[in-house]
Every structure is written in structure tokens, then in C-alpha cells.
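Here the protein sequences come in this chain order: A and B.
Each residue of the first sequence is one higher than the one before, counting from 11 in our numbering.
Each residue of the second sequence is one higher than the one before, counting from 11 in our numbering.
Hints in this document: simulated from the structure, not taken from any laboratory.
Just so we're clear, the structure is a prediction, and the values are computed from it rather than from any experiment.
For each residue, glycine too, the CB sits at the ideal point set by N, CA and C.
One thing to keep in mind: the hints can contain errors.
[Stated by the list, open to error] Listed next, the in silico BS3-like pairs over lysine-lysine satisfying Cα-Cα at most 25 Å (straight line):
(1) B:K28 / A:K65
(2) A:K28 / B:K28
(3) A:K40 / A:K28
(4) B:K28 / A:K35
(5) A:K371 / A:K336
(6) B:K28 / A:K98
[As the list claims (entries may be wrong)] Okay, the calculated bits of chain B under chain A, using three or more residues with CB under 8 Å as the criterion:
(7) 26-39
(8) 386-398
Each chain is listed here by its residues.
Protein chains: 2
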Amino acid sequence: MALIVQKYGGTSVGTVEKIQLVAEKIIETKKEGHQVVVVVSAMSGETNRLLALAKNISSSPDNRELDVLLSTGEQVTIALLSMALKEKGFDAISYTGGQISIQTDSAHSKARINNIEVGRVQRELEDGRIVVIAGFQGVDEHGNITTLGRGGSDTTAVAMATALSAQECRIYTDVNGVYTADPRIVDDAKKLSSITYEEMLEMASLGSKVLQTRAVEFAGKYNINLRVLSSFEEGSGTLITNEEEIMEAALISGIAHNTDEAKLTVIGVPDKPGVASLILTPIAEANIEVDMIVQNVGVNNSTDFTFTVHRNDYDKAMSILKRTAKEINAADVIGDDKIVKISVVGVGMRSHAGVARTIFKVLADEKINIQMISTSEIKVSVVVDEKHLESGVRTLHMAFGLGKV
Amino acid sequence: MALIVQKYGGTSVGTVEKIQLVAEKIIETKKEGHQVVVVVSAMSGETNRLLALAKNISSSPDNRELDVLLSTGEQVTIALLSMALKEKGFDAISYTGGQISIQTDSAHSKARINNIEVGRVQRELEDGRIVVIAGFQGVDEHGNITTLGRGGSDTTAVAMATALSAQECRIYTDVNGVYTADPRIVDDAKKLSSITYEEMLEMASLGSKVLQTRAVEFAGKYNINLRVLSSFEEGSGTLITNEEEIMEAALISGIAHNTDEAKLTVIGVPDKPGVASLILTPIAEANIEVDMIVQNVGVNNSTDFTFTVHRNDYDKAMSILKRTAKEINAADVIGDDKIVKISVVGVGMRSHAGVARTIFKVLADEKINIQMISTSEIKVSVVVDEKHLESGVRTLHMAFGLGKV
Numbered sequence: 011m012a013l014i015v016q017k018y019g020g021t022s023v024g025t026v027e028k029i030q031l032v033a034e035k036i037i038e039t040k041k042e043g044h045q046v047v048v049v050v051s052a053m054s055g056e057t058n059r060l061l062a063l064a065k066n067i068s069s070s071p072d073n074r075e076l077d078v079l080l081s082t083g084e085q086v087t088i089a090l091l092s093m094a095l096k097e098k099g100f101d102a103i104s105y106t107g108g109q110i111s112i113q114t115d116s117a118h119s120k121a122r123i124n125n126i127e128v129g130r131v132q133r134e135l136e137d138g139r140i141v142v143i144a145g146f147q148g149v150d151e152h153g154n155i156t157t158l159g160r161g162g163s164d165t166t167a168v169a170m171a172t173a174l175s176a177q178e179c180r181i182y183t184d185v186n187g188v189y190t191a192d193p194r195i196v197d198d199a200k201k202l203s204s205i206t207y208e209e210m211l212e213m214a215s216l217g218s219k220v221l222q223t224r225a226v227e228f229a230g231k232y233n234i235n236l237r238v239l240s241s242f243e244e245g246s247g248t249l250i251t252n253e254e255e256i257m258e259a260a261l262i263s264g265i266a267h268n269t270d271e272a273k274l275t276v277i278g279v280p281d282k283p284g285v286a287s288l289i290l291t292p293i294a295e296a297n298i299e300v301d302m303i304v305q306n307v308g309v310n311n312s313t314d315f316t317f318t319v320h321r322n323d324y325d326k327a328m329s330i331l332k333r334t335a336k337e338i339n340a341a342d343v344i345g346d347d348k349i350v351k352i353s354v355v356g357v358g359m360r361s362h363a364g365v366a367r368t369i370f371k372v373l374a375d376e377k378i379n380i381q382m383i384s385t386s387e388i389k390v391s392v393v394v395d396e397k398h399l400e401s402g403v404r405t406l407h408m409a410f411g412l413g414k415v
Numbered sequence: 011m012a013l014i015v016q017k018y019g020g021t022s023v024g025t026v027e028k029i030q031l032v033a034e035k036i037i038e039t040k041k042e043g044h045q046v047v048v049v050v051s052a053m054s055g056e057t058n059r060l061l062a063l064a065k066n067i068s069s070s071p072d073n074r075e076l077d078v079l080l081s082t083g084e085q086v087t088i089a090l091l092s093m094a095l096k097e098k099g100f101d102a103i104s105y106t107g108g109q110i111s112i113q114t115d116s117a118h119s120k121a122r123i124n125n126i127e128v129g130r131v132q133r134e135l136e137d138g139r140i141v142v143i144a145g146f147q148g149v150d151e152h153g154n155i156t157t158l159g160r161g162g163s164d165t166t167a168v169a170m171a172t173a174l175s176a177q178e179c180r181i182y183t184d185v186n187g188v189y190t191a192d193p194r195i196v197d198d199a200k201k202l203s204s205i206t207y208e209e210m211l212e213m214a215s216l217g218s219k220v221l222q223t224r225a226v227e228f229a230g231k232y233n234i235n236l237r238v239l240s241s242f243e244e245g246s247g248t249l250i251t252n253e254e255e256i257m258e259a260a261l262i263s264g265i266a267h268n269t270d271e272a273k274l275t276v277i278g279v280p281d282k283p284g285v286a287s288l289i290l291t292p293i294a295e296a297n298i299e300v301d302m303i304v305q306n307v308g309v310n311n312s313t314d315f316t317f318t319v320h321r322n323d324y325d326k327a328m329s330i331l332k333r334t335a336k337e338i339n340a341a342d343v344i345g346d347d348k349i350v351k352i353s354v355v356g357v358g359m360r361s362h363a364g365v366a367r368t369i370f371k372v373l374a375d376e377k378i379n380i381q382m383i384s385t386s387e388i389k390v391s392v393v394v395d396e397k398h399l400e401s402g403v404r405t406l407h408m409a410f411g412l413g414k415v
């Protein structure tokens with residue numbers, strides 16, 4: 011007998027019929043003799059419905075009250091799912107974030123979990139019950155309702171698995187696992203049976219939107235086995251675990267890409283200390299997130315400074331940069347939002363110097379010009395013109411032998 | 011400066027626009043210099059929407075989970091109303107039943123309030139905030155969410171007013187007060203400026219559905235001034251208070267009627283001890299509520315036993331009674347669901363013997379046959395054929411001089 015945490019997202023519980031199917035899946039695991047804790051999101055569409063109500067009241071609704079409002083979404087799901095389980099003859103009980111004391115800080119709409127008191131959940135499990143918990147929500151030290159931000163149910167699931175020392179945390183989604191590349195681009199993309207936390211983090215932050223980055227970080231920190239699998243298909247999905255658990259780590263796990271970015275370059279920046287900060291501070295103050303940053307060595311006391319932002323922030327960033335450029339006497343600001351970031355990810359590359367060289371050679375052979383390069387210990391990312399998305403991803407996928415055998 | 015509790019029902023907060031209007035009404039009271047606690051129901055239609063979801067999952071949904079589900083309705087309203095108040099520049103804060111510890115027993119879907127801890131609400135009021143509280147809900151001693159049953163928001167409001175020693179508890183509804191008779195029947199029915207708790211209880215239980223009986227009982231027990239007024243019109247409504255507060259109590263306050271009842275008679279019942287219990291036990295076990303009961307003195311060791319039930323329960327009660335009649339060797343069972351109960355209510359009748367006599371004479375003059383009679387200290391009820399509803403109510407209204415001067 012093991013303790014399994016299962017998490018079902020909004021699409022998986024989007025209708026009464028789907029809730030019934032989820033109940034069947036939970037019962038399967040229960041029948042295998044396991045203790046089961048289930049974390050659920052709001053029914054799909056519900057959070058947007060509630061947000062629309064709030065927006066009709068106020069263009070910038072109070073954050074505390076928004077959390078009171080949005081947290082009802084998951085509360086509806088836990089009640090319905092528990093009813094469905096009971097109707098099918100399995101004892102179940104629902105808990106809101108507040109009821110089992112998922113303690114968070116007070117940062118409404120983006121709270122972080124500080125502590126979970128699991129005594130009550132453990133007693134319910136010992137009594138043979140399936141425990142159904144509202145994801146995405148908690149309470150601060152004053153008992154105010156908080157939410158963890160969009161996708162926070164993944165984090166709730168991992169946090170519960172950690173607090174309960176669960177054997178595995180299973181995240182049910184609308185895909186059946188993590189692939190070596192986007193199957194819509196690469197025909198023979200292969201489902202990975204396992205991947206490390208670090209690789210998954212790189213994949214996630216690079217555009218493979220299977221899991222919340224925060225949940226993966228959390229799982230990695232506490233060494234919780236995390237499994238991504240489909241709510242609607244059979245199959246064992248992809249296990250996300252630590253490097254030691256994966257017998258023979260592949261050199262490269264996958265090719266990720268991200269078409270959501272745009273790049274901006276300040277040309278002719280005086281090459282002196284503090285200039286990078288002068289450029290990025292107004293960007294940060296406008297709540298624009300910066301991804302890649304590249305600055306080359308200066309020539310003739312002048313350099314170029316390039317960074318990427320989300321495409322939605324491109325125009326805003328451009329107008330801010332133009333003001334900054336004048337203030338710091340830079341020559342000009344140029345930009346491009348028709349780019350794609352392609353990344354090669356794998357823990358194996360730590361010990362193999364040749365990965366970057368292979369990437370550059372393969373892309374050169376395809377006549378793909380590399381605009382920016384950024385590397386981490388387990389990842390090499392290049393920015394290229396977006397017209398090269400498909401050929402770039404396919405070529406790299408083949409070059410590293412990731413296809414189906 | 012006084013402390014005023016205001017309660018708005020589902021129709022009053024049924025849309026975002028109506029919530030904005032309610033916010034304006036609350037702000038008026040706040041601007042008069044009062045401390046304001048607001049109790050709200052779920053937006054109209056929301057409770058039925060949630061119930062329909064549950065019924066799609068299970069024909070008899072688990073009671074605990076039903077309360078988890080239904081309590082989200084009020085939680086949505088408190089968040090939206092607090093946002094609206096803040097948007098209009100007034101500091102407000104929302105609380106669920108659980109957050110301010112509205113402690114109830116564990117009778118899910120019909121819980122009773124045991125205790126309310128008001129410390130937190132009092133601190134918010136002292137800080138100048140408008141406190142917006144979810145009606146209809148509480149928590150039991152184990153932290154399980156409970157609901158007080160339909161209309162329970164009135165009870166929450168009165169309980170809050172009691173716990174906070176409020177000066178007045180104002181129940182905003184879609185009528186502008188309590189009338190001497192139904193204005194749809196009696197043209198010159200008059201709005202009462204005040205009425206006693208006892209009279210209001212009789213009126214409420216007799217079909218004037220302005221207020222929940224339980225809320226009136228609660229207010230009477232703790233001597234809380236209760237005021238019924240309109241959410242949408244100006245006016246001071248009707249004050250429900252104790253007899254001493256009403257300078258000159260009228261002999262008769264009003265004429266109530268109830269068209270929801272049906273009567274059943276067991277004929278030729280053996281006149282011996284225990285028979286009434288034999289007849290009513292199976293009715294009670296079928297969860298059928300009995301209102302009036304009449305049994306006359308027996309003749310020849312045989313008597314007739316008559317009682318009234320809600321019309322919805324008429325068929326069920328009839329088939330139960332037929333089985334019972336056989337078991338106790340009664341002669342027959344007859345019934346009639348085309349009846350109306352008309353009641354004359356007034357604390358003044360305690361000291362005036364002539365009220366019943368006036369009623370019987372007036373009805374006789376109108377050739378209205380009285381089928382059943384039942385009396386309490388402050389009420390005389392008669393059951394007549396439903397075709398006499400209008401003439402009966404109008405005649406009595408006139409006979410007791412209740413019309414507009």
C-alpha cells in the first residue's frame with residue numbers, strides 16, 4: 011500500500027460527466043490498495059466566469075476579495091467530486107485550503123505555501139477515506155483566504171505529496187507525457203518515460219507548458235516523484251525524478267521551443283559600469299519580465315545590449331527603451347518580434363563538451379543564422395528567425411538521435 | 011452612532027448592477043455615521059444552479075458535501091459586494107461563516123447557530139470598515155462547513171445583530187413592509203409601521219412570506235429590533251419589536267391567509283387513547299408536516315380526526331392514511347385540497363373575548379361555511395372553501411377596521 015497524490019486540472023473536471031470519469035480513475039487507484047489524496051482545480055471556464063463578474067464591478071478588483079471570489083471555484087469541484095465518489099460507494103471527504111490549514115504568506119493572488127498541517131488528512135486516510143482537496147488556495151496567518159496564482163493547483167499537489175511523504179504525485183493533464191519535441195512539429199517525437207527535475211524545469215520554462223515551473227521546483231527541492239499523465243487515456247506518462255533514479259540518463263532529453271518572445275537591442279551603449287542596470291531598471295519597474303540577456307565585450311568604449319521579453323510586452327518595452335536610450339546617450343534601439351528560441355536540453359551535456367558544437371554545425375548546415383546564444387549547465391538555447399522554427403527543431407531532434415527507434 | 015445590521019436577499023444581489031445599488035444603500039447608512047454589518051445571500055439563481063450540478067452527480071447528494079457546495083454561493087456575493095464598496099471609496103472586508111466562527115451544530119443543511127465570536131468583526135468596525143458577512147452558513151466544532159437551510163441568511167443577520175448588540179437588524183426584501191392583509195386581495199390594505207414578534211410569527215407561519223419564522227423567533231428571544239423594508243424603494247418599512255415598544259397596540263394587526271394547505275379526515279375512528287398517535291406517527295415518519303389538528307368529542311365510542319398538511323404532501327398523506335385507517339378499523343378517509351386558511355392576528359385579542367364571535371358572525375353574514383377552527387392566544391384561524399378566499403379576507407379586514415383611514 012502506498013500513498014498517491016493525484017491532481018486533476020480544470021479541463022479534466024470541466025463537466026459533471028468528466029467529474030464522473032475522474033471519480034472512476036481515482037477508484038481504480040483506490041482499488042489497487044493505495045491511499046489516495048486528490049487535488050482539483052476549478053471546473054474549466056469557472057475562474058474566467060468569476061473574473062468577469064469581478065471586472066464588471068471594478069477594473070482593478072481588491073486582491074483580498076478576488077481571492078475570496080476565485081477560491082469558490084475549487085470549492086465547487088471538491089464538493090461535486092466527493093459526492094460522485096460517495097455515489098459510487100467509496101467514502102470520500104472534501105477539504106478547502108483553509109480547512110486543512112494550507113498556510114501561505116499574505117501575497118494575495120500569488121501566495122506561497124509556508125506549511126501544511128496534515129494531521130487531519132492522515133486521520134481521514136487511516137479511516138479509509140479518499141481525501142479531496144481544493145487546489146490553488148490557502149489561508150494566511152490571519153485566516154484570510156489566499157490563492158497561489160494560475161496553475162497553483164500543481165503546486166498544491168506537490169506540497170501535499172511532500173507534507174504527506176507520498177510515494178508519487180500524479181499530475182493528470184490533457185497530454186499523455188513529456189515528449190522529446192513538440193509532436194505537432196516533429197512526427198517521430200518520442201514520449202519520455204522519465205526526465206530529471208532540472209530538465210523538466212528547462213523544458214517548462216522554454217515553452218513546454220505541461221507543468222507549472224513552480225511545482226517542478228518544489229518537487230525537485232523535496233525529491234518528490236512527479237508523474238505527468240493523461241486524464242483521458244491509459245498509460246504511465248512521464249516520471250519526473252532525480253538523476254539517480256534514472257538508470258541511464260540520455261545525453262539529450264529533448265528539443266524545446268518558445269515562440270512567445272521578442273528581442274530588443276540598445277545599440278551603441280557607453281561601455282561603463284552600471285549601464286545594464288540603467289537599461290533594465292525601468293523595464294523591471296514596468297513589470298516586464300526579461301528572459302535572455304546578452305552583452306558582448308565592448309569595442310571603442312561602446313557595446314550593444316540585447317534581451318528578450320514576452321511578445322505581449324514588446325511595444326511597451328520598446329517605448330521605455332527609447333526613453334532610456336536618450337538618457338544614457340545610446341545610439342539607437344532596434345527590435346524584432348519574429349523570433350523563436352530553440353533549446354537543446356539534457357543533464358548528459360554536463361559531461362559532454364561537444365553539444366554546443368553539434369548544435370552550431372547542424373544549424374549552419376541548414377543555413378539557419380543564429381541571432382543570440384545562451385547556455386546553462388544542462389541547456390543550450392539559440393534565438394533564430396521564426397521562419398526556421400520547424401526546420402531547426404526537426405534537424406536538432408534528428409542530430410541528437412531522439413526519434414523513435 | 012449606532013451599529014446597524016443589514017441583510018440583502020438573493021433577488022437584491024441578483025446581478026452585478028443590483029450589487030452596485032445595494033452598495034449605494036449601504037454607503038447611505040455609513041454616511042449617516044453608523045457602523046454597518048451587512049449579511050448577504052447567494053445571487054438569485056446561484057443556489058439552484060449549484061443544486062442542479064449536485065443532482066446531476068447524485069439523486070441524494072451527501073449532505074456534508076452539499077453544504078461545501080452551496081456555501082460558495084454566498085462567498086461569491088460577499089467578495090463582489092466588498093469589491094463594489096471599495097471601488098466606491100469605502101473600506102470593506104468580507105468574511106465567510108467559517109472565518110468569523112459562526113459556530114453551529116453538525117446538522118448539515120439545517121444547522122442551528124450555537125455561538126458567534128464577534129471580536130474580529132468588532133475590530134474591523136472600530137477600524138471604520140464595513141463588514142460583509144456570508145449568510146446561511148457556519149462551521150461546526152470540527153470545522154466542517156454547515157448551512158442553515160433555505161432563508162437562513164435572515165437568521166444569520168439576526169444572530170449577528172444579537173451577538174453585536176446592534177441597534178437594529180434591517181431585512182431588505184422585495185416588499186416594502188408588512189401589511190394588514192395581502193394588498194393583491196384587499197385594495198386598502200395598510201402597511202403597518204410596527205408589529206410584535208408574536209404577531210409577525212403568526213403572520214409568517216400563516217402565509218405572509220416576508221420573513222423566515224426562525225429569524226423572527228430568534229429576534230424575539232433576544233429582543234432585537236427587526237425592520238423589514240424594500241431593497242429598491244425608499245421608506246421605513248415595518249418595525250418588528252416587543253409589545254412594550256409599541257405605544258398603542260391595535261386590537262387586530264392583520265388578516266393572513268394560506269392557500270397552500272389541504273385537509274384530511276379519518277372518519278369513524280375508535281374513540282380510545284393512543285389513536286391520534288397511531289394516525290400521525292406514519293405521517294411524521296414520511297416527513298410530512300402537519301399544521302392544524304382538530305378532533306371533536308366522541309359520540310358512540312367513535313370520532314372523526316381531521317388535520318391539514320401542505321398541498322404538495324396531500325396525495326402522499328392520503329395513501330398513508332388509507333393504510334392506517336384499515337389498521338385501526340376506521341370507517342373511511344376523506345380529504346379536500348381546495349381549502350384556504352384565513353387568520354385574524356393581533357396581540358390585542360388577548361384581552362378581548364369578542365374577536366372570535368365577530369369573526370363567526372361576519373363570515374355567517376357572508377354565507378361562508380367554516381370547516382375547521384383553531385385558535386391561539388393572539389390568533390383565530392378558520393378553514394373555508396377556497397372560493398371564499400377573497401370575500402372572507404376582505405370582509406374580515408373591513409369588520410376589524412384595518413383599512414386606510
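### Query
Looking back at the hints listed earlier, which ones does the structure fail to meet?
Result: hints 2, 4, 5, 6 and 8 break, sorted rising.
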